[in-house]
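K.L.:
What follows is the residue order along each chain.
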Amino acid sequence: MITVEFVLIVAGALFGVGVYGALSQQSFVMLMMGLELMINGAILALVGFWAFSAGGNPQGQMLAIVFMTVMAVEMAIGFTLVTNVYRVRRADITEKLRRLRG
Amino acid sequence: MTDALVADVLFGAFALGSVITGWRVFRTDSMMRAAFFLLASFAAVGGMLVILGAEFLGMVLILMMAGEMLVMAIVMVMFMMNPAGLNPMWMVHQHRVAVAAGVSSFLAIASLGFLVDFREDPNVQPEMATVELGIELLGDSMLVFQTAGVLLLATMIGAVAIASSRGRFGAAEEGSEEPALDPEDRAAS
Amino acid sequence: MRPAAPLELAVPLVGIVVVIGVYVVAVLDQAISELVGGGTLRWRRVAFDPLRSAAHLVTQQRRTTERPDTPGWILAPALLSALAALALAMVPLGPTTVAADPETGFVVFSAAIAFVMIAVYLHGWSPNSLFALHGAYRFGAQALSLQIPFLLAMLATTLPAESLSIVDIVQAQESLWNVVRQPLGLPLYLVVGVGASFWGPMNLPDAADLAGGTGVEDSGVARLLWKSARSAMLVAVAAMGATGFLGGWWGPWLPGAVWVILKTLVLLVVLIAAGHLFARVRVEAFVVVAWALLIPLALLNIFVSGAVLL
Chain A
5 MITVEFVLIV
15 AGALFGVGVY
25 GALSQQSFVM
35 LMMGLELMIN
45 GAILALVGFW
55 AFSAGGNPQG
65 QMLAIVFMTV
75 MAVEMAIGFT
85 LVTNVYRVRR
95 ADITEKLRRL
105 RG
Chain B
11 MTDALVADVL
21 FGAFALGSVI
31 TGWRVFRTDS
41 MMRAAFFLLA
51 SFAAVGGMLV
61 ILGAEFLGMV
71 LILMMAGEML
81 VMAIVMVMFM
91 MNPAGLNPMW
101 MVHQHRVAVA
111 AGVSSFLAIA
121 SLGFLVDFRE
131 DPNVQPEMAT
141 VELGIELLGD
151 SMLVFQTAGV
161 LLLATMIGAV
171 AIASSRGRFG
181 AAEEGSEEPA
191 LDPEDRAAS
Chain C
1340 MRPAAPLELA
1350 VPLVGIVVVI
1360 GVYVVAVLDQ
1370 AISELVGGGT
1380 LRWRRVAFDP
1390 LRSAAHLVTQ
1400 QRRTTERPDT
1410 PGWILAPALL
1420 SALAALALAM
1430 VPLGPTTVAA
1440 DPETGFVVFS
1450 AAIAFVMIAV
1460 YLHGWSPNSL
1470 FALHGAYRFG
1480 AQALSLQIPF
1490 LLAMLATTLP
1500 AESLSIVDIV
1510 QAQESLWNVV
1520 RQPLGLPLYL
1530 VVGVGASFWG
1540 PMNLPDAADL
1550 AGGTGVEDSG
1560 VARLLWKSAR
1570 SAMLVAVAAM
1580 GATGFLGGWW
1590 GPWLPGAVWV
1600 ILKTLVLLVV
1610 LIAAGHLFAR
1620 VRVEAFVVVA
1630 WALLIPLALL
1640 NIFVSGAVLL
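Taken in sequence, the protein lines are chains A, B and C. FYI, in our numbering the residues of the first sequence are 5 to 106. FYI, in our numbering the residues of the second sequence are 11 to 199. FYI, in our numbering the residues of the third sequence are 1340 to 1649.
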């Protein structure tokens, strides 16, 4: 029953929920949760392709590790910038950042 | 129950669990629960990766996400005005656009499975996955591995440098000020 | 995945081991505290006091706070017990006697230790109480700093085994125990193990200066469950230390399972004695030590063992 179509449906659902979160949330932290969900879906789709269409090529697993690295980096720098933007502009939701130059 | 049936049922349960908890992240009032719902979604995806045969990747994902979601919970409490969910909260903008974008991206990705004729090349040796990954990591893809390591190091240094309250020009509490831009004013200040 | 024991046999066995382990920890704790305090050791008192306090806690009146996060409050000790049971299920008693032997057993164990962070943070957040939250944040700082030294210290044991599976790690110690081959490994593992299971000198989340920290609002059965879960986690850390560093089931004359139990008991005595002999660390100083001292030591351990292997 586990086929590449089923894995893609689940990965697409996760990605879709992530896109909804990233576009709709006003708070920075919730927005980043949406981004995390998107990368989650991407990793799942990648490993699905690796298991069903790539014959277990180890470079597929390598790419998944790169994805996880990107996720960690994005979270770290994202939270750092959120902290700094709060310090400089007192903004904790995206609506408070209306001007490009402070 | 054969092994394949157990694997199928578990995979379906993990799939349903990950999507539902991922959805609940944005629907719950309590911010702490949002962070832990996201952790549950990641743990379910990790379980799915293990069932697909990438055992190392699944467990490493679960291991990483424990620490990341703890940091996410701490940052939630720092920045959200309502971390415990004692009042209902609905902070969204462009809601219909977001729903449309989410649904259309889901349909685009899900339909890929039915429209594209993927190569039928299943992984015949899932028990060798970890060994092959290890050989690949330190063999052909060594450069990628090193780059990822240096990238993480640069991220750590950069994050500490940006977020530190003692910036380049002194501590924040002591009223740090950048030096003047013109050299003449700089000599005076 | 290797074939493991059938589920109907493994789960009750692990449960029984957890309960016995919790009782043994309580007895050892009382015995060592009496010995350290200079008193005489009365066996009947030491053996029955844990049962007496458990009975007292079970019949104690339940208290609750204002607007707690009740699902989280119930989940936290359950999660900690489940993690301890998972870690104990991976301890092998013999070459084929193990409840669960995943191919990446080392990563599963490390993930269980990482989730202890989540359980303690949830336990501190849920009662909606000040000191509990304070304890949770202290443990956040402590556990995040200890993650990397923990992974690196245990990683060195996988190098001679050339495998991530716990059974392979023990098989590789047939000729020489890891404590001799990697002398830095066991002290480092004990330090980070005590930190990860927040016992004794690293008991920052449930500290006495926080009036009990994350467990300050616990009462009755919940309090008993949290203390039992903590003790079970300590047993799991000691058991994994015995398999990873002290050679697991290898040993003359006695059957392998008995050796595992003896070595676990030795490590338990060391860890509990450390709880009574060392003062609690300060979180600011400890975080500096964890990042600046423990990580280089763990890396040195790995370099040396890798060089020896090459």
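Since the hints were derived computationally from the structure, they do not count as laboratory data. Quick reminder that beta carbons are idealized off the backbone N, C-alpha and C, glycines included. The reader is advised that the hints may include incorrect statements.
Unchecked claim - Below, a sample of chain A positions facing chain B; criterion: calculated Cβ distance under 8 angstroms:
{"id": "1", "residue": "A15"}
{"id": "2", "residue": "Q29"}
{"id": "3", "residue": "F32"}
{"id": "4", "residue": "M34"}
{"id": "5", "residue": "S57"}
{"id": "6", "residue": "A68"}
{"id": "7", "residue": "A76"}
{"id": "8", "residue": "Y90"}
K.L.:
Next step is simple, just say for each hint if it's right about the structure.
P.N.:
Structure-based check of each hint:
1. A15: 6 angstroms, holds
2. Q29: Holds - the Cβ of A:Q29 comes within 8 angstroms of chain B, reaching about 6 angstroms at its closest.
3. F32: At 7 angstroms from the nearest chain B Cβ, A:F32 passes the 8 angstroms test, so the hint holds.
4. M34: Holds, about 7 angstroms.
5. S57: Hint on A:S57: holds, closest Cβ of chain B at ~5 angstroms, below 8 angstroms.
6. A68: 5 angstroms, holds
7. A76: Cβ of A:A76 sits 7 angstroms from chain B, so the hint holds.
8. Y90: 7 angstroms, holds
In summary, this structure violates none of the numbered hints.
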